[in-house]
Every structure is written in structure tokens, then in C-alpha cells.
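Asks: Here's the letter readout for the chains.
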Amino acid sequence: MRTTDTAAVTQVYDVLIAAFPGRPTDQAVDDLQQDVLAQMEETNPRGVILDISEVTTLDSFFARVISETAGMVELMGGEAIVVGMRPSVAITAAELGFGLDAVETARSTDHALSMLGVRVEDADGEKAEGTNDEATTDSTKLDADGTPTGPASSPGGGR
Amino acid sequence: MSEDGGQTDAFETAVTVLQSGTVRVRSEDDILLARQEARAVAEEIGFSTTDVTRIVTGVSELTRNMHLYAEDGIMKWREIEAGTDRGIELVFDDDGPGIDDVEGVLRAEHSTSGGMGRGVQGTKKLMDGFDITSNPEDGTTITVRKWT
Ligand SMILES: Nc1ncnc2c1ncn2[C@@H]1O[C@H](COP(=O)(O)OP(=O)(O)O)[C@@H](O)[C@H]1O
Ligand SMILES: [Mg+2]
Chain A
1 MRTTDTAAVT QVYDVLIAAF PGRPTDQAVD DLQQDVLAQM EETNPRGVIL DISEVTTLDS
61 FFARVISETA GMVELMGGEA IVVGMRPSVA ITAAELGFGL DAVETARSTD HALSMLGVRV
121 EDADGEKAEG TNDEATTDST KLDADGTPTG PASSPGGGR
Chain B
1 MSEDGGQTDA FETAVTVLQS GTVRVRSEDD ILLARQEARA VAEEIGFSTT DVTRIVTGVS
61 ELTRNMHLYA EDGIMKWREI EAGTDRGIEL VFDDDGPGID DVEGVLRAEH STSGGMGRGV
121 QGTKKLMDGF DITSNPEDGT TITVRKWT
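Here the protein sequences line up with chains A and B, keeping their order.
For the first sequence, the UniProt record's numbering assigns the number 159 to the last residue and increments by one with no breaks.
For the second sequence, the UniProt record's numbering assigns the number 148 to the last residue and increments by one with no breaks.
Where hints are given, some of them may not hold.
Said to hold, decoys possible - Simulated restraints on C-beta separations:
{"hint": "1", "chain 1": "A", "residue 1": "Ala38", "chain 2": "B", "residue 2": "Ala40", "range": "34 to 40 Å"}
{"hint": "2", "chain 1": "A", "residue 1": "Glu41", "chain 2": "B", "residue 2": "Glu81", "range": "53 to 59 Å"}
{"hint": "3", "chain 1": "A", "residue 1": "Ala38", "chain 2": "B", "residue 2": "Ala82", "range": "49 to 55 Å"}
{"hint": "4", "chain 1": "B", "residue 1": "Thr112", "chain 2": "A", "residue 2": "Ala94", "range": "21 to 27 Å"}
Said to hold, decoys possible - One-sided and incomplete, this derived list gives chain B residues near chain A with beta-carbon spacing under 8 Å:
{"hint": "5", "residue": "Arg54"}
{"hint": "6", "residue": "Thr57"}
{"hint": "7", "residue": "Arg118"}
{"hint": "8", "residue": "Gly119"}
{"hint": "9", "residue": "Lys125"}
Quick caveat, the hints were computed from the structure, so don't treat them as lab data.
All C-beta atoms, glycine included, are put in the ideal place defined by N, C-alpha and C.
Let the hints inform the model, and build the full structure from the sequences given.
Replies: So this is what it looks like as C-alpha cells:
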């Protein structure tokens, strides 16, 4: 899906999704961290999803940047969730002794979005009953592959 | 000075070299090239996905160290065979300043970069054989082996 070696930060309603490229240079990893923090400041999202599903090699440098980024997002008042760690990557990171213990993780982007209180509508178009007790009451709708459908406002707003 | 790290067994095995290659490492792009090449070789040898990940992660750690601490270095890879066993041997060789506290580094208790200090010790855990020689005159040479 992503063929570039640069990172991409996109916004889905009031959540940022930062997709780490599969084989980034250290510089690209640092740049992504800067981008996430800059957009964090600009749009004040409720959370940031750090998508590492393309990442096949998580070394100590990369692991440190991810934990640091998650820590900074939290300091700035957002929630950070790491998504998509491959089993072989998780095994290797645990053996190396830098499992991302302190970082919240989720199985999939959908799961992470729902952890962040973004409601994902199921394929039948049934609305899931909300247990969202956040002040924000937008009913955010996403179809199965995470593409926004239907009208909704973006509270984090204007880019 | 040479630290055997208690895993010399793997190096007492006489091996036949089936194929070999070299990657010069002096930039971040070279780290990626070294990883890519190690991945291709490891896959060809028939390592499992998890073992390929272990090998490439070790390559990432040790090539980054060469680039960071010695500026310039060479990674040699060898496809090796001993009896019916197949494996990979990787040598990371630089002429940098050497490591002044190899024991500390092997206990993951010594980092001069504010890094996690786990690169060398962690890589040793991921491999079947590990040998390090380091001094200010000759720089650092780390040899690792892994068997399928
Ligand atoms: N090739 C090398 N040449 C000189 N010093 C090195 C080399 N590799 C590692 N070191 C030293 O060993 C320390 C530990 O390395 P490592 O285990 O990779 O952790 P980190 O890189 O996070 O500090 C480094 O901080 C550095 O001082
Ligand atoms: Mg290191």
C-alpha cells in the first residue's frame, strides 16, 4: 500500500494516524516524530495512532523513537496507541529487551479508533450504540476500511 | 582483548562458505542496504520469518554502531554450511576508536550515546554465536553466526 520511504501523517476526524514506512532511514523516523508533534499542536487531536504494520525491523533506535513519540503525545494531552506490530517484530523486540511495555497497543486501526472513542460503523450500516462519555458528541462514521463516510464535522478542525 | 561471550561453541564448528558478500557502511542509506542484503541472503538460506527478523535487527544494530561510533565500517556476510546445517555468518569490522568497556556493553550497562545501550547485548541474544574483539588500535570486529 505504501511504497514510499517517507512517513505519512493523516487526520481522521480528531485522530492523527502516523504510518511509519517499512524501511525508513533514521532521518525519516525523526521527521515523522516532528510531523506528529507539529500536527498535534496544530489540530489538538484526542489521540494519535502510530501504525507500524509496514515495519519489518524494529531496532533499538526505532523502538526508542516510538516510545518517545508516544510519551510526548501524552504530555501534550493526547492518547497514543501503537498499531499493527508484526508477530516476528514483537518476538524480536521482546528478546532484545525493548518490548514497547509502556506504550498502549491495539490489534488494528479500527480497534485503536474505538479505544479512542471514535465510533466505527459496521458494514450493515447499523449504528453501534454509543458508550462514549466524552464531551465530544460527533457521530463519526467510518466504513470498514477506515474511509470516512457521511457528513461529520471535524472538531479538531481546519487545516 | 577478545571477549568470547560464552558462545564460542558456534565458532569451533568448521564451516564451508557457499557464498559471500560485502557492504560498506558509512551512511544511513548504507545501513538500509546492509539490512536489505542480509534479509535477501537470510531468506534465500531458508530462515523462518522470525529468524530473518532477528538477523536483520542485529544487522541494523551493529551497522548503526559502525556508522555512529566509527563513521565507517564493513559488513561481510557468508552463507555457511556444516554437515547438513546451513547458516549465516556476519562480520562487522571497523577501524574506529574501539569500545572501552566491552564487559559493560555486553551487560547492557554502558552507552556513550544516550541510546538504549542494548544494541550489542541484544544482538548477542538473538544469535547462536557471537564474538567481539575491540581495541583502540584495530577498532572493533564483531562476528555473529546463526543456524537455520
Ligand atoms: N563499533 C563501535 N565502535 C566504537 N564504540 C562502539 C561500537 N559499537 C558500540 N560502541 C560503544 O558501545 C556502546 C553500547 O553500544 P550499544 O549496545 O549498541 O548501545 P547504544 O548504541 O544504544 O549506546 C555505545 O554507546 C558505544 O560507546
Ligand atoms: Mg547501538
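Asks: Hints first: check each against the structure and report whether it holds.
Replies: Here's how the hints hold up against the structure:
1. Ala38(A) <-> Ala40(B): 34 to 40 Å: 36 Å, holds
2. Glu41(A) <-> Glu81(B): 53 to 59 Å: Taking Cβ atoms as reference, Glu41(A) and Glu81(B) lie about 56 Å apart, which means the hint holds.
3. Ala38(A) <-> Ala82(B): 49 to 55 Å: 53 Å, holds
4. Thr112(B) <-> Ala94(A): 21 to 27 Å: Taking Cβ atoms as reference, Thr112(B) and Ala94(A) lie about 26 Å apart, which means the hint holds.
5. Arg54: 5 Å, holds
6. Thr57: Interface hint status for Thr57(B): holds (5 Å vs cutoff 8 Å).
7. Arg118: 5 Å, holds
8. Gly119: 5 Å, holds
9. Lys125: Given a least distance of 6 Å, the restraint on Lys125(B) holds.
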